[in-house]
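K.L.:
Sequence:
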Amino acid sequence: MNKKILIVDDEPNILILMEQVLEKLEDDYQVELLTANDGKKALEIIQEEKPNLVFLDVMMPKMSGLEVCQFVKTNPEINNVYIIMLTAKGQEFEKKTGMAVGADLYMTKPFKPKEILIKAMEILEIEI
5 MNKKILIVDD EPNILILMEQ VLEKLEDDYQ VELLTANDGK KALEIIQEEK
55 PNLVFLDVMM PKMSGLEVCQ FVKTNPEINN VYIIMLTAKG QEFEKKTGMA
105 VGADLYMTKP FKPKEILIKA MEILEIEI
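Numbering follows this note's numbering, in which position 95 of the sequence shown is assigned residue number 99; successive positions increment by one, without gaps.
These aren't lab readings, by the way, just hints derived from the structure by calculation. Don't take every hint at face value.
To be verified - Across the chosen pairs, the derived CB separations fall in these ranges:
id, residue 1, residue 2, range
1, Thr78, Lys28, 20 to 26 Å
2, Ile127, Asp31, 17 to 23 Å
3, Glu52, Ile127, 19 to 25 Å
4, Ile122, Ile20, 27 to 33 Å
5, Lys28, Lys100, 19 to 25 Å
To be verified - The calculated PhoX-like cross-link candidates involving lysine-lysine, where the alpha carbons are at most 25 Å apart (straight line), are:
id, residue 1, residue 2
6, Lys100, Lys113
7, Lys123, Lys54
8, Lys66, Lys8
9, Lys113, Lys99
10, Lys77, Lys100
11, Lys7, Lys100
12, Lys28, Lys8
13, Lys66, Lys28
14, Lys118, Lys99
15, Lys116, Lys7
16, Lys77, Lys28
17, Lys66, Lys44
18, Lys99, Lys28
All residues carry an ideal CB built from backbone N, CA and C; glycine is no exception.
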């Protein structure tokens with residue numbers, strides 16, 4: 005069964021970097037990569053594709069990552085999606101807010117590409 009990862013960020017460079025990091029999973033482990041550059045589009049993709057894992061930026065146009073996360077986690081049809089919130093702000097307030105709306109994990113930008121890959125493999129239960 006194919007596993008799906010959705011990468012959501014309004015910063016094109018971050019999207020490209022994340023795709024490059026996670027492409028190895030796509031090639032070696034039949035993981036499908038999906039992307040969105042705003043919260044509204046992310047929510048549409050989550051509802052249609054039901055990805056296993058979402059890397060979700062907090063600050064985005066149309067709908068914030070926090071709003072997307074809260075909607076997903078309060079909707080029984082899609083609330084089993086694992087959400088990792090990504091933010092440039094490492095303040096405790098941001099982290100608490102992210103966890104309060106149901107984020108499963110919180111990562112602060114800039115992040116190490118290897119951390120992203122290892123975390124994705126852990127969550128998708130992919131053996132190295």
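K.L.:
Next, verify each hint and record whether it holds.
P.N.:
Cross-check of the supplied hints:
Our hint of 20 to 26 Å for Thr78 and Lys28 is violated, since their Cβ atoms are close to 33 Å apart. For Ile127 and Asp31, the hinted distance range of 17 to 23 Å is satisfied, since their beta carbons lie about 18 Å from each other. With their beta carbons about 21 Å apart, Glu52 and Ile127 fall inside the hinted range of 19 to 25 Å. Between Ile122 and Ile20 the Cβ separation comes to about 20 Å, which falls outside the hinted range of 27 to 33 Å.
The hint said 19 to 25 Å for the Cβ distance between Lys28 and Lys100, and at roughly 33 Å that hint is violated. With a C-alpha separation of about 16 Å, the suggested pairing of Lys100 with Lys113 holds against the 25 Å cut-off. For the hint linking Lys123 to Lys54, the alpha-carbon distance of about 19 Å falls within 25 Å, and the restraint holds. For the hint linking Lys66 to Lys8, the alpha-carbon distance of about 23 Å falls within 25 Å, and the restraint holds.
Restraint check for Lys113 and Lys99: satisfied, since their Cα atoms lie roughly 13 Å apart, inside the 25 Å limit. For the given pair, Lys77 sits about 16 Å from Lys100 by alpha-carbon distance, which is consistent with the 25 Å threshold. Under the criterion of a C-alpha separation no larger than 25 Å, the hint pairing Lys7 with Lys100 is inconsistent with the structure, at around 29 Å. With a C-alpha separation of about 13 Å, the suggested pairing of Lys28 with Lys8 holds against the 25 Å cut-off.
Only pairs whose Cα atoms come within 25 Å are accepted, and Lys66 paired with Lys28 is rejected, the gap being roughly 31 Å. A hinted pair counts as satisfied when its Cα atoms are at most 25 Å apart, and Lys118 with Lys99 qualifies at roughly 22 Å. Restraint check: the Cα-Cα separation between Lys116 and Lys7 comes to about 23 Å, which is no more than 25 Å; the hinted pair holds. Between Lys77 and Lys28, the direct Cα distance comes to roughly 28 Å. Violation of the 25 Å bound is thereby established for this hinted pair.
Distance restraint check for Lys66 and Lys44: the Cα-Cα separation of roughly 6 Å lies within the 25 Å cut-off, and the hinted pair is therefore satisfied. Only pairs whose Cα atoms come within 25 Å are accepted, and Lys99 paired with Lys28 is rejected, the gap being roughly 29 Å.
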